[in-house]
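Trainee: The lines below spell out each chain.
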Amino acid sequence: MADEALFLLLHSEMVAGLYRAAEQGEGENGRCITKLENMGFRVGQGLIERFTKDTARFKDELDIMKFICKDFWTTVFKKQIDNLRTNHQGIYVLQDNKFRLLTQMSAGKQYLEHAPKYLAFTCGLIRGGLSNLGIKSIVTAEVSTMPACKFQVMIQKM
Amino acid sequence: MSRPPGRKQDNHKIDWHLPTISSSASAHHMSRELFVLTYGALVAQLCKDYEKDEDVNTCLDRMGYGIGVRLIEDFLARSAVKKCRSYSETAEMIAQVAFKMYLGVTPSVSCTSATGDEFSLILDKNPLVDFVEELPAERASLCYCNLLCGVIRGALEMVHLAAEVTFLQDKLKGDAVTEIGIIFLRKTEDKKHKRNK
Numbered sequence: 001m002a003d004e005a006l007f008l009l010l011h012s013e014m015v016a017g018l019y020r021a022a023e024q025g026e027g028e029n030g031r032c033i034t035k036l037e038n039m040g041f042r043v044g045q046g047l048i049e050r051f052t053k054d055t056a057r058f059k060d061e062l063d064i065m066k067f068i069c070k071d072f073w074t075t076v077f078k079k080q081i082d083n084l085r086t087n088h089q090g091i092y093v094l095q096d097n098k099f100r101l102l103t104q105m106s107a108g109k110q111y112l113e114h115a116p117k118y119l120a121f122t123c124g125l126i127r128g129g130l131s132n133l134g135i136k137s138i139v140t141a142e143v144s145t146m147p148a149c150k151f152q153v154m155i156q157k158m
Numbered sequence: 159m160s161r162p163p164g165r166k167q168d169n170h171k172i173d174w175h176l177p178t179i180s181s182s183a184s185a186h187h188m189s190r191e192l193f194v195l196t197y198g199a200l201v202a203q204l205c206k207d208y209e210k211d212e213d214v215n216t217c218l219d220r221m222g223y224g225i226g227v228r229l230i231e232d233f234l235a236r237s238a239v240k241k242c243r244s245y246s247e248t249a250e251m252i253a254q255v256a257f258k259m260y261l262g263v264t265p266s267v268s269c270t271s272a273t274g275d276e277f278s279l280i281l282d283k284n285p286l287v288d289f290v291e292e293l294p295a296e297r298a299s300l301c302y303c304n305l306l307c308g309v310i311r312g313a314l315e316m317v318h319l320a321a322e323v324t325f326l327q328d329k330l331k332g333d334a335v336t337e338i339g340i341i342f343l344r345k346t347e348d349k350k351h352k353r354n355k
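As given, the protein sequences belong to chains A and B, one line each in that order. The first sequence begins at 1 in this note's numbering and counts up one residue at a time. The second sequence begins at 159 in this note's numbering and counts up one residue at a time.
The hints are simulated quantities; they were obtained by calculation from the structure and are not laboratory data. Watch out, some of these pointers could steer you wrong.
To be verified - Derived DSS-like pairs (lysine-lysine); straight-line CA-CA distance at most 25 Å:
no., chain 1, residue 1, chain 2, residue 2
1, A, Lys150, A, Lys78
2, A, Lys117, B, Lys258
3, A, Lys79, A, Lys157
4, A, Lys136, A, Lys70
5, A, Lys78, B, Lys258
6, A, Lys78, A, Lys117
Produce the entire structure from the sequences given, and follow the hints as far as they go.
Mentor: Below you can see the structure in the form of structure tokens.
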């Protein structure tokens, strides 16, 4: 669907624009990742609200994570998470073998050092979505071979 | 409200044209909401980074340009339209095909000059501002949807049409409608040659 192209392009422009501004301005690289993550957080919060308006209450944490992996991911990235692993103690690893935001970039190790920029927004998206479902978490991402990537969610017990 | 029975199955082939959760969360609308929300977060971040409205507007326009130069390829691939033979056809194409395809709305086009160079697109429904109630008082001259201008400008440039695209009226600023003005800048000599990729 055409909307996907719009979001993908907007996302890459956002990353490029923020880094361009950082180069000309303060030059602090770490702030860009934080800004992207915070943007993702806000969007995740809003999106999950509208998305789960009519769904039934979730049974437990695992149910919520499965929701994120299946329905939420399908809505945002038109596919499901390929693999969900957990240690049942609050750490979940979501593996996406063909992450939509990275498929256009490379299919291997090329541009690996740029990958984190393109994952920050999505980390925030997951964190925001979980936050509005009542779960406080820390989300990080890692890429070893594009376009596969893993998102690690660490649930913070309040 | 009961859940549709097919929800629990582990089906990887989800046809996302059909509602997966409930009728109010059909994937199609969510996709657009994702874009609208992301755009809102982007504008908010830019407002934090830049103090002056003009800087934010310029930044949005530049980003829109970057999007437009790539979006045109996607547009041409999806729509497979024939070459436009005149400026008015181009404007119609933007309004009736492109806007419909990407934003789901169809602005009305009108020619605003005798020479046939200037057009205006009137949007009575702008999906980008779905979640925006009003501009904050200190951001009165912010062109919230300036990205659109950049997108149109970038896309037109890739098909060898130089144009100036600006917001003539903006509902967020109190005008009656949202109006985008497109001024085609010069007649290209290669109008007769095939322009489409």
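Trainee: Work down the list of hints and note, for each, if the structure agrees.
Mentor: Quick rundown of the hints versus the structure:
1. A/Lys150 to A/Lys78: 17 Å, holds
2. A/Lys117 to B/Lys258: 31 Å, violated
3. A/Lys79 to A/Lys157: Not OK: A/Lys79 and A/Lys157 at ~30 Å, beyond 25 Å, violated.
4. A/Lys136 to A/Lys70: 20 Å, holds
5. A/Lys78 to B/Lys258: Since the Cα atoms of A/Lys78 and B/Lys258 sit roughly 21 Å apart, the hinted pair holds (cutoff 25 Å).
6. A/Lys78 to A/Lys117: Answer holds: A/Lys78 to A/Lys117 is near 21 Å, not above 25 Å.
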